[in-house]
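A.B. asks: Chains as they are written, first to last, in our numbering: chain G, 1 to 291; chain H, 1 to 350; chain V, 1 to 255.
I should point out that these hints are in silico values taken from the structure, not numbers from a laboratory.
Errors might be hidden in some of the hints.
As the list claims (entries may be wrong) - Computed cross-link-like contacts, SDA-like style, restricted to lysine to any residue with a CA-CA straight-line distance of at most 20 Å:
#1 Lys345(H) x Val239(G)
#2 Lys345(H) x Pro203(H)
#3 Lys345(H) x Leu77(G)
#4 Lys345(H) x Thr78(G)
#5 Lys315(H) x Gln253(H)
#6 Lys345(H) x Ser68(G)
#7 Lys212(H) x Thr158(H)
#8 Lys212(H) x Val157(G)
#9 Lys88(H) x Pro120(V)
Said to hold, decoys possible - Where chain H lies over chain V, by a calculated footprint (3+ residues, C-beta under 8 Å):
#10 31 to 43
#11 191 to 204
All C-beta atoms, glycine included, are put in the ideal place defined by N, C-alpha and C.
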Amino acid sequence: MTPRPRATGAAVSTPRWAWLAAVPGAAFLLAFAVYPIGVLVQNSLGLGRTGLHEQPGSTSAYYRAVLSSETVRSSALTSIGVCVTAVLITVVLAVPLVLHAAARSAAGHDTARLDALFTLPVALPGTIIGFFAIVLIGNTGLLGLWFAPLRGVSYTVPGLVAAYVYFSLPRVVGPLRGAAEALDPAVPEAARSLGAGRVRVLATITLPLLTPAVVAATGTALAIALGGYGTIAVLSQGVRLLPLEVVDQLSAAGFNVATASATGVVLAVLACAFLLLGRALSALLTRRIAR
Amino acid sequence: MHVGRTPRALIAVVAAGLALTACGSADTSAEQPAAGAGGSGTVITYNSPAEWGNFGEVLATFTAETGIQAPNDPKNSGQTLAALQAEKDAPVADVAYAGIAFGDQLVQAGVLQPYTPEGSEAVPADLRAADGSWTAVHTGTIAFIVNTDHLDGAAVPTSWADLTEPEYAGKVGYLDPTQAAVGYSVATAANEALGGSLDDWGPGIDYLAQLKANGAVTPAQTATAKVAQGEIPILIDTDFNGYELRDEGANVQVVIPAEGSLLVPYVVGLVNGAPDRANAEQLLDFYFSTQGQQLFAEGYMRPVIGELPAEMTGKMLPAADYERATTVDYVQQGEVQQSFIERFKAEVGQ
Amino acid sequence: MRAGAAWTRLMVAVVVVPMLVTLVVATSVSFSTGPFSGGVTFDWMSLGLELLAPTLLRSFLVGVGVAAANLLIGGLLAWWVARTAAWPARLVGYLANLPLAVPGIAISVALIGTYAQLRPSGLLLVAGHVVFTLPFTLAALVPVLAADGLVECDQVARSLGASPLRRLVTVTLPWCRVAVLQAAATAYALSYGEFNISFFVNAPAAPTAPFALFEAYATRRIELASAMSIWFIVSLLPVLGALAALRGRLAERSS
Numbered sequence: 001m002t003p004r005p006r007a008t009g010a011a012v013s014t015p016r017w018a019w020l021a022a023v024p025g026a027a028f029l030l031a032f033a034v035y036p037i038g039v040l041v042q043n044s045l046g047l048g049r050t051g052l053h054e055q056p057g058s059t060s061a062y063y064r065a066v067l068s069s070e071t072v073r074s075s076a077l078t079s080i081g082v083c084v085t086a087v088l089i090t091v092v093l094a095v096p097l098v099l100h101a102a103a104r105s106a107a108g109h110d111t112a113r114l115d116a117l118f119t120l121p122v123a124l125p126g127t128i129i130g131f132f133a134i135v136l137i138g139n140t141g142l143l144g145l146w147f148a149p150l151r152g153v154s155y156t157v158p159g160l161v162a163a164y165v166y167f168s169l170p171r172v173v174g175p176l177r178g179a180a181e182a183l184d185p186a187v188p189e190a191a192r193s194l195g196a197g198r199v200r201v202l203a204t205i206t207l208p209l210l211t212p213a214v215v216a217a218t219g220t221a222l223a224i225a226l227g228g229y230g231t232i233a234v235l236s237q238g239v240r241l242l243p244l245e246v247v248d249q250l251s252a253a254g255f256n257v258a259t260a261s262a263t264g265v266v267l268a269v270l271a272c273a274f275l276l277l278g279r280a281l282s283a284l285l286t287r288r289i290a291r
Numbered sequence: 001m002h003v004g005r006t007p008r009a010l011i012a013v014v015a016a017g018l019a020l021t022a023c024g025s026a027d028t029s030a031e032q033p034a035a036g037a038g039g040s041g042t043v044i045t046y047n048s049p050a051e052w053g054n055f056g057e058v059l060a061t062f063t064a065e066t067g068i069q070a071p072n073d074p075k076n077s078g079q080t081l082a083a084l085q086a087e088k089d090a091p092v093a094d095v096a097y098a099g100i101a102f103g104d105q106l107v108q109a110g111v112l113q114p115y116t117p118e119g120s121e122a123v124p125a126d127l128r129a130a131d132g133s134w135t136a137v138h139t140g141t142i143a144f145i146v147n148t149d150h151l152d153g154a155a156v157p158t159s160w161a162d163l164t165e166p167e168y169a170g171k172v173g174y175l176d177p178t179q180a181a182v183g184y185s186v187a188t189a190a191n192e193a194l195g196g197s198l199d200d201w202g203p204g205i206d207y208l209a210q211l212k213a214n215g216a217v218t219p220a221q222t223a224t225a226k227v228a229q230g231e232i233p234i235l236i237d238t239d240f241n242g243y244e245l246r247d248e249g250a251n252v253q254v255v256i257p258a259e260g261s262l263l264v265p266y267v268v269g270l271v272n273g274a275p276d277r278a279n280a281e282q283l284l285d286f287y288f289s290t291q292g293q294q295l296f297a298e299g300y301m302r303p304v305i306g307e308l309p310a311e312m313t314g315k316m317l318p319a320a321d322y323e324r325a326t327t328v329d330y331v332q333q334g335e336v337q338q339s340f341i342e343r344f345k346a347e348v349g350q
Numbered sequence: 001m002r003a004g005a006a007w008t009r010l011m012v013a014v015v016v017v018p019m020l021v022t023l024v025v026a027t028s029v030s031f032s033t034g035p036f037s038g039g040v041t042f043d044w045m046s047l048g049l050e051l052l053a054p055t056l057l058r059s060f061l062v063g064v065g066v067a068a069a070n071l072l073i074g075g076l077l078a079w080w081v082a083r084t085a086a087w088p089a090r091l092v093g094y095l096a097n098l099p100l101a102v103p104g105i106a107i108s109v110a111l112i113g114t115y116a117q118l119r120p121s122g123l124l125l126v127a128g129h130v131v132f133t134l135p136f137t138l139a140a141l142v143p144v145l146a147a148d149g150l151v152e153c154d155q156v157a158r159s160l161g162a163s164p165l166r167r168l169v170t171v172t173l174p175w176c177r178v179a180v181l182q183a184a185a186t187a188y189a190l191s192y193g194e195f196n197i198s199f200f201v202n203a204p205a206a207p208t209a210p211f212a213l214f215e216a217y218a219t220r221r222i223e224l225a226s227a228m229s230i231w232f233i234v235s236l237l238p239v240l241g242a243l244a245a246l247r248g249r250l251a252e253r254s255s
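Can you build the whole structure from these sequences, using the hints too?
C.D. replies: If you want it as structure tokens, here you go:
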């Protein structure tokens with residue numbers, strides 16, 4: 001589902017002055033996205049701002065310190081573990097949902113309210129989702145009052161996974177809803193008319209057709225979940241995730257901006273890797289299906 | 001294209017929603033008292049949580065008296081230092097409040113400017129910066145704040161050693177010592193009480209590791225509300241927060257540990273390049289005025305000028321308990337914080 | 001189909017139950033020993049609204065500004081990306097997606113270091129939010145603008161002598177009405193709840209709603225924090241509901 005423009009026809013109707021339309025956007029991106037990220041990398045190499053206890057001067061020491069730090073490594077592993085588990089669970093929860101919604105919409109029912117309900121949580125900051133976890137499974141949470149084993153779970157890894165599932169749900173349902181809607185209903189219908197059972201159609205036709213979109217959505221959702229600070233800021237009591245390390249480096253006495261920048265770059269590389277992997281796999285799968 | 005029924009209804013819904021929010025904000029501004037001494041504008045203090053002592057009332061009284069808005073800010077001392085450094089080129093804050101251990105760090109970062117508030121000449125020299133950049137405004141004592149409703153049958157702890165016992169597993173918390181001044185003071189207090197010193201952190205680090213093994217948590221922001229609701233039944237924090245909670249109706253007891261504790265002064269300073277310098281000076285003068293110090297005293301925060309009135313000490317722990325609280329060389333405490341943080345992260349972990 | 005319907009109902013419960021429980025906590029006198037222990041009260045709700053209302057207004061204004069900026073800057077950019085087959089379009093597409101990968105708090109620190117002057121006026125906050133929402137706007141608008149049907153109509157109009165502006169107003173815009181509304185709604189929603197990039201950029205004297213909420217979660221009582229959360233969710237409904245209904249209506253008309 002990459003928005004790749006078609007090479008046919010489009011080039012013919014593009015006027016020569018079309019590039020002017022790109023100027024405001026490109027200028028904005030350069031000024032507010034590319035340049036600050038450049039500053040981030042500059043800081044991490046010691047060439048930009050440094051903290052009270054950091055020595056300025058070009059060095060890879062901050063990267064070495066960050067990559068060899070036990071806390072950063074364990075935070076990174078916990079982050080990847082929590083986010084991958086959460087997004088995979090989210091996908092399993094979302095796929096039947098979007099298929100059902102697409103079926104209802106194809107049958108002529110109005111799914112606008114359902115769609116709105118599932119996309120509303122995208123406007124909730126990560127902090128409020130952490131709060132939901134506390135209210136339900138915190139030390140004095142409601143579910144914890146009824147089932148003692150659930151007390152305080154919100155601050156453990158399973159609790160974090162649950163919180164990040166809620167966080168990722170709208171971000172996965174959104175793109176997949178469109179993808180499910182765009183599936184050609186003729187193919188499964190044809191298979192059904194040839195006698196294939198419902199489960200068989202689902203497993204051999206619908207799901208494989210949906211897979212490229214699922215893979216791309218997974219990659220994007222993973223990248224966003226990895227960078228999410230709000231949820232872990234509210235729920236951190238012992239378990240540490242990578243965004244927490246970045247902010248704590250800044251808040252810890254000394255404003256260690258170079259170390260924080262290095263940690264930030266490491267986090268960005270991880271998130272970028274998942275994003276690109278998702279896109280690349282998705283494109284690969286699309287081409288295989290097209291064949 | 002005529003505007004059909006549905007778009008009109010939608011516009012009505014949106015307008016209603018806007019009216020709701022605008023009404024809310026209009027109500028709030030209408031509730032603000034009329035300007036007292038004819039002042040206007042705002043003064044921003046970094047690190048002034050409403051739930052810390054009675055900061056909420058102090059700032060509200062200041063606004064009522066002068067008409068200058070003084071919003072609360074939840075940053076802890078470390079985040080204050082970070083924010084002030086980050087925005088050095090275009091400061092947004094006017095006043096900074098921090099634990100005394102952060103005082104010289106703020107000066108080193110160059111984010112404070114000298115200013116001697118009216119009435120602060122009476123403050124002893126060891127509670128003031130040499131160049132007048134910061135002045136201590138009140139002190140507290142490190143104590144356990146215990147919510148007796150959520151101890152699950154265990155007795156109220158009375159000593160540092162008690163907290164490592166299994167019956168208090170998962171019930172203890174103290175603020176993050178790498179960021180919050182009170183958290184660092186808790187670590188210092190435990191260290192001093194158990195035989196260490198600012199040069200020898202061994203006993204303190206060992207103790208904190210034991211606490212961590214017993215399930216202790218280290219939140220970053222002021223967590224006194226969490227004690228009241230039982231999320232953190234035993235919070236090692238300042239005594240004044242405990243007394244305030246008790247007065248608000250929570251079943252809370254304040255305990256000064258048997259082995260010893262620490263006095264923690266808190267300082268205020270004028271931010272370098274403060275956008276609202278005049279308002280900031282008014283606020284600082286207010287802190288050191290008789291009224292300001294009295295207000296802090298009513299929040300159980302020990303004033304630096306004068307003594308706590310008898311009616312307050314009557315509601316606090318007996319003086320004998322407070323004799324267990326010592327002081328340290330606060331300047332040195334600030335200097336060794338970096339090496340403490342490194343040891344803490346390596347041996348205790350957050 | 002029945003399994004699908006049951007699953008959908010289960011998922012609806014998963015989404016809605018936390019909000020309902022928050023409402024229960026917000027209306028309890030004291031939640032420390034269970035729901036409604038001490039009775040039911042609306043005191044927390046009124047105190048919560050009082051504290052949150054000015055921040056909600058600010059979040060609304062920022063959200064509207066961000067949506068408008070997205071449609072303007074992002075719309076133009078999406079049109080160019082959709083119409084250009086060359087590599088610059090692909091590069092700009094990747095650049096726009098960069099903020100998805102780089103953690104928001106890292107961008108926040110970088111922004112406050114480089115553009116400190118823009119911070120007090122709130123412009124930096126809007127800019128930060130636009131940076132974060134631009135990839136979603138492009139994702140929504142580029143496929144629609146690249147559609148063959150639109151290109152054909154546009155060519156036909158051009159061959160009939162319509163000026164570029166006239167073509168924009170009468171051909172392009174009506175074609176992507178639904179996608180434009182979708183992009184606006186997404187940009188508004190994401191900006192309203194944005195926390196990471198705003199963390200350091202946010203002005204302390206005039207915080208947006210997510211910050212008032214964060215402060216409440218960290219330092220205030222759970223009942224008050226719940227009340228503020230409920231008001232936050234309620235404040236989302238008018239604008240998003242209106243945009244969704246409008247979109248549904250337009251989608252019906254164009255199908």
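A.B. asks: Now tell me, hint by hint, if it's right for this structure.
C.D. replies: How the hints compare with the structure:
no.	hint	result
1	Lys345(H) x Val239(G)	14 Å, holds
2	Lys345(H) x Pro203(H)	16 Å, holds
3	Lys345(H) x Leu77(G)	18 Å, holds
4	Lys345(H) x Thr78(G)	17 Å, holds
5	Lys315(H) x Gln253(H)	12 Å, holds
6	Lys345(H) x Ser68(G)	14 Å, holds
7	Lys212(H) x Thr158(H)	19 Å, holds
8	Lys212(H) x Val157(G)	17 Å, holds
9	Lys88(H) x Pro120(V)	13 Å, holds
10	31 to 43	holds (count 3)
11	191 to 204	holds (count 3)
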